[in-house]
Amino acid sequence: MSKKRIVFIGDSITEWGRFEDSENLGNNYVRLIHDHLLVTNPNHFPEIINQGIGGNRITDLAARWQEDVLDLQPNLLSISIGINDVWRQLDNDASIEQVLPDQFEKIYLELIQKTREHTEAKIILMEPTIIEEHIDSLGNEKLKAYVNVVHKIANLFDLPVVPTHQAFLEYLQSNATYPLTIDGVHMNNAGNYLMAQTWLKTIGLL
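Under our numbering, the letters of the sequence shown match residues 1 to 206, in that order.
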């Protein structure tokens, strides 16, 4: 029996360190999920492929979907996107065409439909995490619409959602003082652990 293949696709939060890593996994939540699955079931350990690329928005995923997802024929596909779709609205770069929630939803739907048509993959959607470690930051306010899109699509296709945004908000609401990011967006080890833990719990592996 061939190994099961899990593909993680997303932006820099998924990519973090993978291009400097001989295993192409990096130092991120994907690595922690990899290590958990390895030590808990070493005889049936899946192949894990990290397809995160820094700066990506949903439009960038669409441009590379064939090569980086469909051609790989994953058994399980995990998608984490949305942070840069919002971030590019905050950095006031007039040269960049914005991806607003309606377009985000349209493209996301197309990607899910293509994946269902051309693969047998089980698809897992992840909520975009946070922009600044303040619940009421402008970034987090704008993220709400994108989180809602993820849930709308999940309901439409009966897909599981990893509640990573909610997990971070709950942590912030606890008034914990230890940060989860190095800059308000990119994870430190604690943030990566929270993402990995939430992912594993969602799919019943923790």
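Source of the hints: derived by calculation from the structure; they are not laboratory data. Glycine included, every Cβ here is placed at the ideal spot set by N, Cα and C. Among the clues, some could well be false.
Listed next, the in silico DSS-like pairs over lysine-lysine satisfying Cα-Cα at most 27 Å (straight line) [unchecked claim]:
id, residue 1, residue 2
1, Lys201, Lys144
2, Lys152, Lys3
3, Lys114, Lys3
4, Lys106, Lys144
Across the chosen pairs, the derived CB separations fall in these ranges [what the hints assert, rightly or not]:
id, residue 1, residue 2, range
5, Asn175, Gln103, 20 to 26 Å
6, Leu109, Gly55, 30 to 36 Å
7, Glu97, Leu38, 25 to 31 Å
8, Glu20, Ala176, 27 to 33 Å
9, Asp136, Lys201, 22 to 28 Å
10, Arg5, Gln89, 33 to 39 Å
11, Glu97, Ser2, 15 to 21 Å
Practice prompt. Run the structure past the numbered hints and jot down the numbers of the failing ones, going up.
Written response: As far as the earlier hints go, 2, 5, 6, 7, 11 are violated by this structure, in ascending order.
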